[in-house]
Amino acid sequence: MSRTVRVGLGDRAYDVVVGGDLLDQAGVHLAPFLKQGRTAIVSDETVWALHGERLTKALAAAGISSQAIVVPAGEPSKSWEVLAEVSDRLLALELDRGDLIVAFGGGVVGDLAGFAAAIYKRGIDFVQIPTTLLAQVDSSVGGKTAIDTPRGKNLIGAFHQPRLVLADLDLLATLPDREMRAGYAEVIKYGLLGDFAFFEWLEANAAAVLARDPNALAYAVARSVEMKAEIVAEDEKEAGRRALLNLGHTFGHALEAETGYGEALLHGEAVAAGSAIAFRFSAAQGLCASQDAQRAEAAIAAAGLPTRLDQVGSGAFDARKLVRHMAQDKKAEGGKLTFILARALGDAFVAKNVDGQAVRDFLVADGALP
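The sequence shown maps to residues 0 to 369 in numbering that gives the first Met the number 0.
None of these hints come from the bench; they were simulated from the model.
From the three backbone atoms N, C-alpha and C, an ideal C-beta is built for every residue, glycine too.
Take these hints with a grain of salt, some might be off.
Here are the simulated distance ranges between beta carbons [as the list claims (entries may be wrong)]: (1) A210 - S1: 18 to 26 Å; (2) G19 - P149: 38 to 46 Å; (3) A206 - R11: 37 to 45 Å; (4) A12 - S64: 22 to 30 Å; (5) G314 - A288: 23 to 31 Å.
Only pairs whose alpha carbons sit at most 35 Å apart, straight line, appear in this in silico DSBU-like list of lysine-lysine [said to hold, decoys possible]: (6) K236 - K320; (7) K335 - K320; (8) K120 - K34; (9) K320 - K351; (10) K34 - K56; (11) K351 - K236.
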């Protein structure tokens, strides 16, 4: 049984459908958004090999023709080169504004395909069919699309909302356990930033969610989507409250940059470590109780996720380099650092003009090299 969450953005509002057996019904869900019955599916090699035939058949059953654009799996596909290749393929297919792009994969595919949709002929509709837990609860909802550059992650992109999101929980059955844990980092983030009751529920039910228990998984995904939908509807362009969704990301993106945006550190793992660090930094600054920081760290660690620098990559990080990466963060303003910090579990806030030296000193005390 599926559950629908509405992202309320006026005439650009859309539904996020959460449930099982959605892929085989994809044609029925997509048909209302198509004028000519044509789609281009952007996917990666791993997802396409596992599920591509099912999606193609589901669309064909509804009279929808489709062409696949398959890119290599992994973060390197969020690049200028792959974006250019995808854009050229779309032009070769002669899609027009009455057609539709389908992003079928995890966060990398969603970001890449969404950005291609945003710039193709000055904007074409697209639908998200996320295949990872991280994408289902976070990146597929809210319209953030982007590619990476050597200077940082997600620095070139656009806000471009999908017309529909189909979060088929059955697709998570083929997700590797490590990817499942990485996605869970974004789930627990919602409890940490704004819903203490959800955080407590996750403390008690983390094992069930990670084991893909249908009821636990459905609740965790739906509650996460509800929270993101509410925040996005209030602050679409991240002018205020939406920035809270970046809890753990400023620290995490710096760690990703230092480890090369590869398999050594998945995005969700970086967010997990970053969230724990953000709570410890909050406690060190006297903003929240040390017990809350310890409890947040314990809950993250219980899911098998990293919480400390020595658990990430080689564990040897230069505090100066990390702070330098943070200065390139999209939330930084006028050279001043912006972080999402915490007053308590379930009570995060945007902290601007954070002193870089204080961050560097804390990181050294927390295990980084001076």
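Q: Output the numbers, in ascending order, of every earlier hint that fails for this structure.
A: none
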